[in-house]
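Listed below, chain by chain, are the residues.
2 protein chains.
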Amino acid sequence: MSQSDNNNIVRKVKGGKWVTFRPDIKIHDCTIRDGGLINQHCFDDEFVKAVYDTLVAAGVDYMEMGYKADKKIFSPAEFGKWKFSDEDDIRRVVGDNATSLKLSVMADAERTDYHTDILPKDHSVIDCIRVATYIHQIPAALDMVKDAHDKGYETTLNLMAISQVQDRELTDALDAIVQSPVNSIYVVDSFGALYSEQIHYLILTYLRAVEGTHIDVGIHAHNNQELAYANTIEALIVGASRLDATIMGMGRGAGNCPLELLIGFLKNPKFHQRPVIQCIRDHFVPLRQKIEWGYMIPYMITGQLNTHPRTAIKMRAGDHPDDYLAFYDQMVEEE
Amino acid sequence: MSQSDNNNIVRKVKGGKWVTFRPDIKIHDCTIRDGGLINQHCFDDEFVKAVYDTLVAAGVDYMEMGYKADKKIFSPAEFGKWKFSDEDDIRRVVGDNATSLKLSVMADAERTDYHTDILPKDHSVIDCIRVATYIHQIPAALDMVKDAHDKGYETTLNLMAISQVQDRELTDALDAIVQSPVNSIYVVDSFGALYSEQIHYLILTYLRAVEGTHIDVGIHAHNNQELAYANTIEALIVGASRLDATIMGMGRGAGNCPLELLIGFLKNPKFHQRPVIQCIRDHFVPLRQKIEWGYMIPYMITGQLNTHPRTAIKMRAGDHPDDYLAFYDQMVEEE
Numbered sequence: 463m464s465q466s467d468n469n470n471i472v473r474k475v476k477g478g479k480w481v482t483f484r485p486d487i488k489i490h491d492c493t494i495r496d497g498g499l500i501n502q503h504c505f506d507d508e509f510v511k512a513v514y515d516t517l518v519a520a521g522v523d524y525m526e527m528g529y530k531a532d533k534k535i536f537s538p539a540e541f542g543k544w545k546f547s548d549e550d551d552i553r554r555v556v557g558d559n560a561t562s563l564k565l566s567v568m569a570d571a572e573r574t575d576y577h578t579d580i581l582p583k584d585h586s587v588i589d590c591i592r593v594a595t596y597i598h599q600i601p602a603a604l605d606m607v608k609d610a611h612d613k614g615y616e617t618t619l620n621l622m623a624i625s626q627v628q629d630r631e632l633t634d635a636l637d638a639i640v641q642s643p644v645n646s647i648y649v650v651d652s653f654g655a656l657y658s659e660q661i662h663y664l665i666l667t668y669l670r671a672v673e674g675t676h677i678d679v680g681i682h683a684h685n686n687q688e689l690a691y692a693n694t695i696e697a698l699i700v701g702a703s704r705l706d707a708t709i710m711g712m713g714r715g716a717g718n719c720p721l722e723l724l725i726g727f728l729k730n731p732k733f734h735q736r737p738v739i740q741c742i743r744d745h746f747v748p749l750r751q752k753i754e755w756g757y758m759i760p761y762m763i764t765g766q767l768n769t770h771p772r773t774a775i776k777m778r779a780g781d782h783p784d785d786y787l788a789f790y791d792q793m794v795e796e797e
Numbered sequence: 463m464s465q466s467d468n469n470n471i472v473r474k475v476k477g478g479k480w481v482t483f484r485p486d487i488k489i490h491d492c493t494i495r496d497g498g499l500i501n502q503h504c505f506d507d508e509f510v511k512a513v514y515d516t517l518v519a520a521g522v523d524y525m526e527m528g529y530k531a532d533k534k535i536f537s538p539a540e541f542g543k544w545k546f547s548d549e550d551d552i553r554r555v556v557g558d559n560a561t562s563l564k565l566s567v568m569a570d571a572e573r574t575d576y577h578t579d580i581l582p583k584d585h586s587v588i589d590c591i592r593v594a595t596y597i598h599q600i601p602a603a604l605d606m607v608k609d610a611h612d613k614g615y616e617t618t619l620n621l622m623a624i625s626q627v628q629d630r631e632l633t634d635a636l637d638a639i640v641q642s643p644v645n646s647i648y649v650v651d652s653f654g655a656l657y658s659e660q661i662h663y664l665i666l667t668y669l670r671a672v673e674g675t676h677i678d679v680g681i682h683a684h685n686n687q688e689l690a691y692a693n694t695i696e697a698l699i700v701g702a703s704r705l706d707a708t709i710m711g712m713g714r715g716a717g718n719c720p721l722e723l724l725i726g727f728l729k730n731p732k733f734h735q736r737p738v739i740q741c742i743r744d745h746f747v748p749l750r751q752k753i754e755w756g757y758m759i760p761y762m763i764t765g766q767l768n769t770h771p772r773t774a775i776k777m778r779a780g781d782h783p784d785d786y787l788a789f790y791d792q793m794v795e796e797e
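Chains S and Z supply the protein sequences, listed in that same order.
Those letters in the first sequence? Residues 463 to 797, by our numbering.
Those letters in the second sequence? Residues 463 to 797, by our numbering.
It is possible that part of the hints are untrue.
Copies of one chain are not kept apart here, so a pair can be met inside one copy or by any two copies together.
What the hints assert, rightly or not - Heads up, simulated EDC-like pairs for lysine to aspartate or glutamate below, C-alpha to C-alpha not over 20 Å straight-line:
id, residue 1, residue 2
1, K732, D791
2, K752, D784
3, K729, E659
4, K729, E797
None of these hints come from the bench; they were simulated from the model.
Start from the sequences, fold in the hints, and give me the full structure.
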């Protein structure tokens with residue numbers, strides 16, 4: 463594809479300029495779901511309710527409540543309730559959710575008993591099923607998308623670890639995905655490894671694949687290189703319309719694109735920053751004293767090496783959490 | 463200028479691609495100079511020597527030692543020695559600097575007794591005088607550039623608070639600057655207010671202004687919106703070749719582009735990341751326990767409002783450093 467073709471695609475989907483906004487942009491908050499990866503999904507109802515109320519007040523479009531993990535694989539004795547997001551637990555927080563905020567759950571391919579645990583839509587307060595998949599699980603993921611669609615849900619397909627996917631595999635995957643009833647497909651930079659030029663390329667690749675369909679494109683970024691917010695903006699400039707974010711960037715390891723920064727950037731007057739800042743003051747500053755997330759050198763190292771942050775998380779929980787040099791040497795040695 | 467003209471300029475100056483590098487890229491470390499704004503420039507010699515040794519080992523091109531402030535305006539009793547960067551103080555750390563690392567000092571327009579305090583080059587171990595100026599001080603700044611150039615130094619002109627400069631003023635300023643003997647001109651995002659598209663536009667504007675001259679273009683970014691590193695990359699992609707950074711992003715308020723991230727991005731094999739990580743472990747992690755810098759919500763607020771971070775710095779040093787909401791309300795009220 464030539465540079466000029468690229469520019470045509472970019473211009474076509476790009477409605478906003480310096481002082482206007484794109485009404486197609488939707489923010490998908492993942493605070494409880496991605497943040498749950500730090501604390502085994504053990505948020506109490508009061509905290510989840512505070513996030514819910516904040517997102518309603520802030521004009522955010524979607525809130526992800528947690529995972530729909532298979533209880534035969536993951537023991538409810540070992541994980542908090544937002545690992546499973548049972549209907550009763552969600553309803554205890556949101557009631558019948560008589561708001562404009564839509565609710566989602568994340569269903570991991572091959573780790574979700576979706577035939578059983580995802581109820582027909584008319585029995586659920588959930589609006590959207592987000593299917594998370596690695597490239598080799600695409601057939602399983604597409605079956606989950608079909609199941610959720612047939613039950614009456616909106617669906618997304620979140621292709622994880624995209625920084626390790628080869629172009630030839632991606633082409634095959636996109637060919638299959640665009641034949642499905644999915645509503646959105648996501649570029650998921652699980653390792654926080656991507657630079658803006660790579661985000662630009664991937665979003666363009668997705669946009670070309672979905673051209674002529676009803677499918678839109680989303681971005682889920684991680685902050686290993688302090689690029690989660692910048693890459694989210696880059697994705698939206700190129701034409702992504704589904705933007706994942708979390709309050710104060712809370713999420714596994716280096717965390718995610720901070721919702722407060724994103725709302726500060728977006729010009730749609732339906733979004734409000736003040737409730738998010740209030741929630742940060744009242745709930746997230748105290749929480750950050752107890753559990754750790756956010757950019758720091760060990761996560762930079764795993765991000766730059768394009769690898770899973772689990773080694774850095776383990777190092778930070780170990781006996782020498784500040785010995786960045788020993789960690790660097792270990793990681794470079796293992797590469 | 464049309465989009466296609468823009469692309470031609472970008473392509474012309476952009477030598478590097480996915481796996482190559484641009485040999486024209488120079489890194490200018492500002493750790494001691496910008497970091498000095500946090501602690502009244504009171505670093506001890508051992509710390510400055512550790513930074514110096516690290517930069518030599520890392521292959522960095524320039525190190526900024528501090529300011530050349532006028533002692534008639536600023537009392538040496540109130541500030542540390544790196545506010546003044548006397549020749550003897552610098553030499554006590556670097557000797558005759560028999561390394562490939564060049565040394566600079568920053569000279570603020572209208573706050574530097576440059577005729578007296580900037581020695582002839584053959585009496586100084588300093589290589590480069592960086593003149594910092596606001597838009598209304600350009601005539602004074604250009605006289606300082608001429609003075610330093612006549613004395614035998616490399617020079618840069620760092621146009622501060624660029625996010626508050628109008629295009630019509632910038633055009634006039636650039637017209638005057640390109641007539642001077644300056645070696646480099648910098649886009650300085652003092653307030654951390656700019657997004658990548660604005661950086662893109664400004665770097666292109668500078669590049670067009672210097673076309674046909676010997677002058678190159680630099681970027682100095684702040685991290686108020688977690689964009690210092692991302693904007694530095696954006697600037698270099700467009701064609702900037704002088705990149706300011708600091709170790710662990712140390713600098714006033716939200717800090718600067720972190721050197722370790724930048725070296726992780728650049729592919730020139732002369733740059734080495736390991737010495738920087740070692741220096742962070744040994745010196746900057748302990749220092750960060752004593753003095754504060756880096757991205758946080760109050761700096762996000764001043765950045766998004768395109769205003770000086772001094773209010774946020776004062777708030778963080780006050781009685782209610784975590785009351786982000788009160789600060790938000792105060793700042794929005796004052797706007």
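Status of D791 relative to K732 across identical chains (alpha carbons, at most 20 Å): between (48 Å within a copy, 19 Å between copies)
Status of D784 relative to K752 across identical chains (alpha carbons, at most 20 Å): both (17 Å within a copy, 16 Å between copies)
Copy assignment of K729 with E797, given that the CA separation must stay at most 20 Å: between (43 Å within a copy, 18 Å between copies)
Within, between, both or neither, where K729 and E659 count as close if Cα-Cα is 20 Å or less: So K729 and E659 pass the 20 Å test across copies only (15 Å; inside, 24 Å).
Of the hints listed earlier, there is not a single one the structure fails to meet.
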